[in-house]
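Colleague: So the protein lines, in turn, are chains C and F.
Position in the first sequence (first residue = 1) + 495 = the working numbering.
Position in the second sequence (first residue = 1) + 1176 = the working numbering.
Misleading hints may appear alongside valid ones.
Stated by the list, open to error - As a list, the in silico DSS-like pairs of lysine-lysine whose alpha-carbon atoms are at most 27 Å apart:
hint : chain 1 : residue 1 : chain 2 : residue 2
1    : C       : K576      : F       : K1206
2    : C       : K576      : C       : K498
3    : C       : K760      : C       : K842
4    : C       : K576      : C       : K842
5    : F       : K1563     : C       : K576
6    : C       : K715      : C       : K689
7    : C       : K632      : F       : K1534
8    : C       : K891      : C       : K944
9    : C       : K760      : C       : K715
10   : F       : K1534     : C       : K522
11   : F       : K1541     : C       : K632
As the list claims (entries may be wrong) - The calculated label-pair distances, taken between Cβ atoms and stated as ranges, are:
hint : chain 1 : residue 1 : chain 2 : residue 2 : range
12   : F       : A1579     : C       : M807      : 20 to 28 Å
13   : F       : G1277     : C       : A832      : 57 to 65 Å
14   : C       : A790      : F       : A1579     : 50 to 58 Å
15   : F       : K1534     : C       : V520      : 19 to 27 Å
16   : C       : G690      : F       : Q1598     : 33 to 41 Å
17   : C       : A768      : F       : T1217     : 55 to 63 Å
18   : F       : P1506     : C       : G690      : 30 to 38 Å
19   : C       : T514      : F       : G1450     : 48 to 56 Å
20   : C       : T784      : F       : T1590     : 19 to 27 Å
21   : C       : V520      : F       : T1219     : 50 to 58 Å
22   : C       : N635      : F       : T1219     : 35 to 43 Å
23   : F       : N1434     : C       : G690      : 30 to 38 Å
24   : F       : P1293     : C       : N635      : 24 to 32 Å
Worth flagging that the hints you see were computed from the coordinates, not collected in a lab.
Bear in mind the structure is a predicted one, so any value in this text is a computation, not a measurement.
All residues carry an ideal CB built from backbone N, CA and C; glycine is no exception.
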Amino acid sequence: MTKYEAVIGLETHIQLNTTSKIFCVCKADSWNDPPNTNICPVCTGLPGVLPVLNQRVVEKALLLAVAMHAEIQPESYFDRKNYFYPDLPKGYQITQYDRPIALGGWLDVPVPASPAGGAYIRRVGIAKLHMEEDAGKTRNAGHLRQIDFNRCGVPLIEMVTNPDLRTAAEAAQYLTRLRQLLRWIGVSEADMEKGHLRCDANVSIRPAGSQVLNPKTEIKNVNAIDAVREAIEKEFERQVREVEAGHRIEAWTLDWDEEAQVLRKMRSKETEADYRYFREPDLLPVCLTQAQIDAAAQEMPERPLDRRARFMETYQLPEYDAEILTAERQLSDFFEAAATAYGDEPKKVSNWMMNEVLRMLNEQGLTAGELRLQPAHLAEIIQLVDDGAVNAATGKALLAKVQQSGRSPAQVVADEGLARVSDDSAIRAVVEAVLSESPKEVESYRAGKVTLIGWFVGQVMRRMGGKADPALARSILEELLR
Amino acid sequence: MLCDLPAHELTRLLKARQVSALEILEDSLKRIDQVDGRPGTLTPGEITAEDQCKVHAFITLTAERARAQAQAVDDKIAAGEDPGALAGAPVTIKDIFTVAGVPSTAASRILANFIAPYSATPVVRMEQAGALVLGKVNLDEFTYGSSTESSAFQPSTRNPWNTERVPGGSSGGSAAAVAAGEGALSLGTDTAGSIRQPAAFCGVVGMKPTYGRVSRYGLIAFGSSLDCPGPLARNVRDAAQMLQVIAGRDRRDSTSANRPVEDYLAGLEGGVKGLRIGLSPDYFRITFPDPANGEYIQQPLPQEIEAAVLRAAQVYASLGAEIVEDVPMPNTRYGIPAYFVISRVEAASNLHRYDGVKYGYRTPKPQTDLRQLYRASRAEGFGRQPKLRILMGMYVSAAQYSAQYYQRALRVRTLIRSDFEQAFDSANPRRIDLLLTPTTPTTAFPMGAVYGDSVLMQYADQLTVPANHAGTPGLSIPAGLAADGLPLGIQLLGADFSEALLLRAARAYEAATASQPSEGYKKK
């Protein structure tokens, strides 16, 4: 039986997180805003108005192009893509076409090990990257079509990959890594549920190892990474069944029905419209100076996968730790600052981060950048525990108190008397009280049930609010029980 | 009457407190009442004998709005404040510009009910300078024409010099209103000659500035890469003053030039001594392909048109200019074909937005299918000219034809531009400062004579359209009357941003010849 492989290319639309729209001053993000509230004559295409390019869009596009290792074009153009649709108020979309802001580039996507094979890196080539405006939204309500122009003119980057992906899992990984990168460099919130990151997938199949490209289908309207994986998997299986049955694959456009988890045919590709592209005469060419291009390269932070590798190398972290700590840029910054402040044993800092700090972030719904707890505070707390000034449980409680109050750990310890009690006489007094109140347990211990020592330590610790040095309490107990 | 005085004279009298803005306004309104007849409407009924001897410049008269502006100007003067450079000047606006709160029809049924919530930048600047906006004047539908007859608002404008004749177009209402003394100034647009040709036909001054010198914000687009707003006036100083007010960078139009505006008035009387003024044989003939076999036919211009230009050359020579003959402008003949393609591609796209969904005309017949709603609304809302242009624009920009037509037209455009660059190149030993040409191949043609033959009407723009392709400035000034009693126009063309020079040369001719602004409207 022939073994098939999928040939997959992804076309992504990335909503940039600029304050205003691409060609006017309306607010760009309309999430939760009532329909038609962030609109003006420009983005609703009234007669006589003209677009003016938002320079922040160019800057963000440039930064993304640098992040994707793309070739930035010193001169690029906007074109008009002409078609009729009620949510396209000008009757054309202003977009880049044959002279986009960047060409080429790539993203390395680590693919984890699976039952099918070991872990590997898939390099996904980028064909082009261009700027464009979004259209509005149409909603069918019974016999009415309702149109919301809020989204008209929201800035998008369209980024098209080469057909370099071979499995649905790779496609899902690509999107996961792209989302991470977009957030990392701060160009998009990349929230798929809110449509900040949209994806169309082109899928064809061929016998494994073959180099031919067969007719492909295009899957539209997939708005979650799991859905992309699911839809591509289903389409791959369908194409294999068709080919096995001796049928030809036709160039359909398919719509992913999220609820029913099925693909539906939207239209045949043969009927594709002619958009009659031509240069947008209302906008000047986008001319980038070398200084602007250099500035974007300067602004480009260390990429997440580079940082992950460096964490493994420099801090000797396991891959698992490095992956989690570089999931998000501010989290990785936090770790690195804390590890530097702490000095040695970065793995210990990593443990605190992975267990305590991440739990706090999850519980409070915060990002690392929003914490009042500073990296230096974490280092200080770990140091206090190391020094025996507080015990481990108190140390963990301290994290929450510092986050809550914004005071430094040392301050909280002083204010709340949390320091560990190492005073022999203070502990000895409590031990004596516990022993006199527990005659039965004392008898059992002395009769040979020495495992009861743990219970006695627990009693002492409880009475002292956890502040007792447990080792000291244990040795006093053993001395007095002898 | 006050309305026959130049705008700058009215402003001077106003500032000297010899007249009030309200007096000027009432005089203009009286003139309009006397000569304009009924305004254009979508439901004109029969065109009567009475209609045939009126000007019909207006679509919308905004008398009350103008009264409020006049009152504001008078209040400023009373308060000792500067009322502005155009204070008290009665002006009209070609109905292709938006004026906030006033219908902006583009002379089309499809926009007949459209009221914009914003004013075009040149309108805002004129109003801030104290101009009194009398109303919106007629034009060819969406500016698509050279006679104003294709307006959906009838009766269309007639030439004040002879109401059997067209006023030209597409800024026909503007030129006629200025010539008839209804408003001293008018704001027009020029995409292939639409300011200069009606100015020539109506015996007034009309200027197309450098592309980008005046903002297009609020101008309902035709050919976006060619459209230029500009002034029409009865004399050169008024045109200069108006341009001074409307020119300059506008952050709402990214194609507006980011370059300081010269003082157009300071050197206006500086004369032409030492200027090199060119004549080109390519502007003394009309070249067009034979519809039967496609071969180019050359036709000389009527003798009196050529003679008017040569008379002007003589005037310039006697004023100390050097006349340079035989300036080569070899690509002039391709101006019209290239314009046909480029303007229609842009026009078809610019007309996409009129779909009956958001504003403007929607078919009253109930529709169940969206495509059908588009088709019916556009079929009923657009007149013949927009439909022709959409058809041609769609055709030549289709994927399979674009290289053959549109991309080729863009290359031709570059060649036309290079004609101008060489002529004005300071490194060229035969370089010129200005090119002197006829504005139009004929005087104003009879009403109904050319309408319908769109190709012939378009070739009438052959002498004006090259400046639109090149983006360079040009102006038309009156140069006497032809044997038929109609005005003749001559054109001056200059290099990028040479408006001050053009106006100075135009003023020198005006001062040396008539020394009087045209008489204006005469009742038959």
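Colleague: Each of the hints needs a verdict: does it hold here or not?
Modeller: Here is what the structure says about each hint:
Annotation: proposed proximity of K576/C to K1206/F is violated, straight-line Cα distance about 50 Å (limit 27 Å). Simply put, K576/C and K498/C have alpha-carbon atoms about 41 Å apart, too far for the 27 Å limit, and the pair is violated. Simply put, K760/C and K842/C have alpha-carbon atoms about 52 Å apart, too far for the 27 Å limit, and the pair is violated. Between K576/C and K842/C, the direct Cα distance comes to roughly 54 Å. Violation of the 27 Å bound is thereby established for this hinted pair.
A distance of roughly 20 Å separates the Cα atoms of K1563/F and K576/C; the hinted pair therefore holds under the 27 Å criterion. A hinted pair counts as satisfied when its Cα atoms are at most 27 Å apart, and K715/C with K689/C qualifies at roughly 16 Å. Straight-line distance between C-alpha atoms of K632/C and K1534/F comes to about 14 Å, which keeps the hinted pair within the 27 Å bound. Taken as a hint, the K891/C and K944/C pair is broken in the structure, with Cα atoms around 33 Å apart against an allowance of 27 Å.
At most 27 Å may separate the alpha-carbon atoms for a hinted pair to count; K760/C and K715/C meet this at roughly 10 Å. Between the alpha carbons of K1534/F and K522/C the distance comes to roughly 21 Å, so the proposed pair stays at or under 27 Å and holds. A C-alpha spacing of about 26 Å is found between K1541/F and K632/C, which places the hinted pair at or below 27 Å, so the restraint holds. For A1579/F and M807/C, the Cβ-Cβ distance of about 54 Å falls outside the hinted range of 20 to 28 Å, so the restraint is violated.
For G1277/F and A832/C, the Cβ-Cβ distance of about 59 Å falls inside the hinted range of 57 to 65 Å, so the restraint holds. Between A790/C and A1579/F the C-beta distance comes to about 38 Å, which lies outside the given range of 50 to 58 Å. The given range of 19 to 27 Å is respected by K1534/F and V520/C, whose C-beta atoms sit roughly 20 Å from each other. For the pair G690/C and Q1598/F, the beta carbons lie near 53 Å from each other, so the given range of 33 to 41 Å is not met.
Take A768/C and T1217/F: their Cβ atoms lie about 38 Å apart, and the range 55 to 63 Å is violated. Under the hint 30 to 38 Å, the C-beta atoms of P1506/F and G690/C, about 55 Å apart, miss the expected range. Taken as a hint, the range 48 to 56 Å holds for the pair T514/C and G1450/F, whose Cβ atoms sit roughly 55 Å apart. Judged by the Cβ atoms, the range 19 to 27 Å given for T784/C and T1590/F holds: they are separated by roughly 25 Å.
Between V520/C and T1219/F, the C-beta spacing of about 41 Å breaks the proposed range 50 to 58 Å. About 37 Å separates the C-beta atoms of N635/C and T1219/F, a value consistent with the hinted range of 35 to 43 Å. In this structure the supplied range 30 to 38 Å holds for N1434/F paired with G690/C, their Cβ-Cβ distance being about 36 Å. The supplied range of 24 to 32 Å is met by P1293/F and N635/C, whose beta-carbon atoms lie about 29 Å from each other.
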